[in-house]
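S.K.: Here are the chains, one letter per residue:
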Amino acid sequence: MLRAQIQEFHASYVRCIDADNLEDWPSHFTSQCHYRVTNADNERDGLPAGLIFATSRAMLEDRVSALRHANIYERQRYRHVVGQVSILKSGLQQVECESPFIVARIVQSDETSLFATGVYRDIFELGGERLLLKQRIVVCDSSRIDTLLAVPL
Amino acid sequence: MPASSSAVEWSPHGLTRIPFTVYRDADIYAREQRTIFRGDTWNYLCLESELPDTGDYKTSFVGDAPVIVVRDADGEIYAFENRCSHRGALICLEKAGKAAKDFQCVYHAWTYDRQGNLKAVAFESGVNGSGGMSAEFCKEDHHPRKLRVAIFCGLVFGSFSDTVDPFEEYLGEEICARIERVMGRAVEVIGRFTQALPNNWKLYYENVKDSYHASLLHLFFTTFRLNRLSQRGGIIVSECGAHHVSYSIVDDDDGSSGPNAYRDQSLRSEQTGYQLADQSLLQGFKEFNDGITLQILSVFPGFVLQQIQNCLAIRQVLPRGVDRTDLHWTYIGYRSDTPAQRDMRLRQANLVGPAGFVSMEDGAVGGFVQRGIAATEQQQAVVEMGGQETASTASRATEAAVRGFWKRYRSLMGV
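Which chain is which? The protein sequence lines are B and Z, in order.
Here the first sequence stands for residues 1 to 153, where the numbers follow this note's numbering.
Here the second sequence stands for residues 154 to 568, where the numbers follow this note's numbering.
Mixed in with the good hints there might be a few duds.
What the hints assert, rightly or not - Here are the simulated EDC-like pairs of lysine to aspartate or glutamate, each with C-alpha atoms no more than 16 Å apart in a straight line: (1) Z:LYS248 - B:ASP141; (2) Z:LYS251 - Z:GLU203; (3) Z:LYS272 - Z:ASP255; (4) Z:LYS248 - B:ASP41; (5) Z:LYS248 - B:ASP45; (6) Z:LYS251 - B:ASP45.
Since the hints were derived computationally from the structure, they do not count as laboratory data.
Bound conformation, chain Z alone (with noise of 0.2 Å):
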């Protein structure tokens, strides 16, 4: 039962201290959909590339508004809400389609053009000689509210904002970079699942930011070497705190960080002797000439791309309520894909989404926090590991991009 009190207190601990009210409460996440999600942010739509041709659209949301995303005539992709201004019905029901010349509201067949501008009303001029808009009435003043669109390395993003910054700005050069690292190639889709997670948006965000828990929680990075806080690697957090980039680089020969880091700590983590039947998983190839095997980005407020090896993902994180939150999870693969490149990326999705060796308990850990936190009141949770600051840094024992969540989260908020 989601909390109603608005009156969250944050402590004076800058921010390493987060109320557990903000998962729970109802007129905070209210405020959130106004001020983050329609506010002065991007958010991500869809891939450039599931649009390539006049009419293709997908129906998407930004927080809770469902959006129309579709390329006009002239080539560009435009966005707008999904809502028709007559009574205010879905305009599309569909997830995504083909060839559409406009959009029809089933309701009373008022019809938008694609870039969201109502063309016609039927029965304008009445039936007959009676009945009718009054005079009046001028089209041009309805229309659902219009995005700003952004279209980045083939991503494509979208702003009820007039005021956010230019996307690339937004992001910064060490994001842009990265990004382009991942999406600087023709993209395809080579799949597409939700996962239903039981848990305020914040949470699964704070996760994906959270490179403290990933070869605490999850076993089989560890054991596999794909993942471990003594391999090189670090995190980068924009300078307003709003995205991160968190990456490791695998040595071939480990030892020199300090193998027993583990096991001194007695941590559950690493169960030795542990093996794969099959180890086909693991022999991914060599795509980028970094040497970095994991990089994990997210864009605010909603937006994660993700290289866990050859396993290119991108995942969109969509608030349902209080307490629930949908993710939207696109594998994708590159178009000059070998066959050989192909089946290794379609292996290596099995540590990756909703049954991934690697993220599986990602889904369940959120949940175990909402349910935690169900009787709190003044209590916080204590994000202080690597110290108070929001800095990039070289260690990934750290939650320093979970504060820079909360440093924009609040500036955005006020609060």
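Just chain B, with the same shape it has in the complex (with noise of 0.2 Å):
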């Protein structure tokens, strides 16, 4: 039930960035939550920075804002494939799990490369109509970025 839940979850959430509704994209988390893209090295060695930080849905508002209105970048689109969820922690007020995902990234000249590798290392808050991520750390394997990383992982 639980596991139906996130899978459910997850494919609502890569559908909305993958189908281009970015504004939607802010949705997925609670008011108060924590995002961070980061890689498997900075992980492991306890280093909090993050390639997007943010500490409320408010910035991932900005972050969608700023990708419309102030930043530039090639048009480009990413294809999200999520893994097996693995619960880690479960209780009545939030559950805790992890989920493996890849994505390619589409550019201007029609090439795919497969641009990130990773875990999403969730904390998902239970008790409302659906799930809401109170915390989402993308933690990516490899630590390069190619060229830049416009869309949200």
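Bring the two chains, given one by one in their own frames, into a single complex with the hints.
M.R.: In structure tokens:
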């Protein structure tokens, strides 16, 4: 039941990014939340900085409006595939889990490349109508990012 | 596809014309490696604080050359080429490590001490009286190339050159002072990222020195008054042209210096009415007494020290081929940071790096040039904003620091 809910959440999350409905992306988070894109080396070494670092849904909304109105980058699309979820800790209020992902990026020249692989380290808030992320740490396996990271992972 | 003609014609227009071939030519790339990166220059290796104890090491690069940087028992930091003097294999495969007593090549177990000296050759005397190295073989004559090491304000630099100026002379007083301003306190690393750039290293390095583009390409900057050409500030270019500092001072009451400068020219950069939903990112704290909120500093040929508000970072520019460059970001904070100050640095790190609100474009724009110049032959870039000089200036609508780069580049390369 819970597993199915999480899978459904992932489907909704990646669908909104991959379909360029970025405006819906922040709605997958609680209003106070933590979203961070980092890499396995930083996580291993306990280094807290992220490529993207947000502590509120409003900061995620700002990401989207910056991408729409401020930042200059070539048009590009992602294709996310999220693998099997591992439920690590399940309580009444929240559930902690980890799910692997791969993301392909399709750029202007129509070239498709493997852009990122890693895991989502998630804490979901339970009890609402639907699951919401209190925390998502996107831990990329590699510390290398090709050219730039515009669209969120 | 890299070009391979070495017949590059430099224009008589002084430093204001750059033949596009220099970004595409494989022979030029090879000469840069020899003459610049392994020549009379100092190259950033790591932070001293990354190697606190005996045996702590990092592997890095000086241009194409892989190097090991390590702290020995005498407390000194040593650097040598990460190449076994036997068959040339990498001696050390890790990015970093602790408590190394020595370094042993995995191929034939030749062993080096922490200063790069060859200490042991497996089966040197043979096995059961046969084989072994010839009697004339002298271990002292065989070691990977050693680098000179200089440490300044906790920054570790290395050089393959015996003739390069001592580091502080190499920088000059003005650049030293501007490094001390940021690095004068004990720092610690708060994150590391690598950005793979699809362009020649010089295109990124010129971009760093190009204060003209900042408020035109980066809208985020402009809109939130983090950096406008009309703000007070300036450019410092070192005597030889090699190094630079670009800085700005944000006044609380903007208005005296022409707030309509952009609107009048109908530039894309200004969009009024764009507001952040979460303003916490912009509420930095004062930590320098000089009012400087932005300082970008470069040390030739591949080091950048950045202060953007409270976001401090080191960028190491590493060529990876004619049209590929790795940009290594090391985000830092001060060891004395309060939790609130550290939190602000983490928030403001959103401004920089591969996903940075104000630096994302820099990752792509070099690639736009690299692709744009694919078919150039005699054509040249124009670097004439602010005249032809390389002198320091109070205006940042200038390419003086870019011309400074070419001044030093051309004198080193003899072109």
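S.K.: Each hint needs a verdict: does it hold in this structure or not?
M.R.: Outcome of the hint check:
1. Z:LYS248 - B:ASP141: It holds: about 15 Å lies between the C-alpha atoms, which stays within 16 Å.
2. Z:LYS251 - Z:GLU203: 10 Å, holds
3. Z:LYS272 - Z:ASP255: 9 Å, holds
4. Z:LYS248 - B:ASP41: 10 Å, holds
5. Z:LYS248 - B:ASP45: 13 Å, holds
6. Z:LYS251 - B:ASP45: 13 Å, holds
Checked against the numbered hints above, the structure violates none of them.
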